[in-house]
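Top line first, the protein sequences correspond to chains A and B. Numbered as in our numbering, the first sequence ends at 115 without a single skipped number. Numbered as in our numbering, the second sequence ends at 179 without a single skipped number.
Calculated directly from the structure, the hints in this document are not laboratory data. A portion of the hints provided could be inaccurate.
[Stated by the list, open to error] Straight-line alpha carbon distances no greater than 27 Å define the calculated DSS-like cross-link-like pairs of lysine-lysine that follow:
(1) Lys107(B) - Lys129(B)
(2) Lys44(A) - Lys79(B)
(3) Lys44(A) - Lys107(B)
(4) Lys106(B) - Lys120(B)
[Claimed, not checked] One side of the interface only, derived from the structure: several residues of chain A facing chain B at Cβ under 8 Å:
(5) Arg39
(6) Lys44
(7) Pro46
(8) Pro84
(9) Gly106
What you are looking at is a predicted structure, and each value in this text was computed from that prediction instead of being measured. All residues carry an ideal CB built from backbone N, CA and C; glycine is no exception.
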Amino acid sequence: ILNVEQSPQSLHVQEGDSTNFTCSFPSSNFYALHWYRWETAKSPEALFVMTLNGDEKKKGRISATLNTKEGYSYLYIKGSQPEDSATYLCAFPHSGNTGKLIFGQGTTLQVKP
Amino acid sequence: GAVVSQHPSRVICKSGTSVKIECRSLDFQATTMFWYRQFPKKSLMLMATSNEGSKATYEQGVEKDKFLINHASLTLSTLTVTSAHPEDSSFYICSATAANYGYTFGSGTRLTVV
């Protein structure tokens, strides 16, 4: 059974703080690692698809790194804003690039003004 | 970008009735659609994978007669919760995928069975 773990489960930070959270996944048979941002009552929004060991991707104040050998990815948010409040999900494709995604339980971020 | 529309967003039904949830890919043809369920404080759990024109593949522990999935066209998949009971109350969300489109999610359906 594939296991994708995220930590912490929830996080409360002040506006302007930088923060990061972790996704752990199986290091064998790696295809890709997906990060999603999910706001209440909306569709999960794709942030990054990480494929290569050592990858670092950036989207505005959000960036992610990937270590496929040890099976983890970090998501960083620099200078958190209240609009960053959401649940951040990572997902691991079971097989291939259009195979089923196995999700972590998510990290819920609350940014206080 | 790719858009997936899911309806209804919320539904309340009586115990014993059936509820249909629709998932449509609006601007691309989805070769595969996935149906997920989210239990409180848990991750999205995959229920089934459906490919257009063929029977859905259900994950272990998911009752195929309880959760009927139809994928009649490349743009529409439906999930019918049959003879719903309060324990079926949950959040259900679909995801559609095709080559070069990645995974695109609907906005989910909150089902409450009373």
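- Query: Of the hints stated earlier, which fail here?
  - Reply: 4, 5, 8
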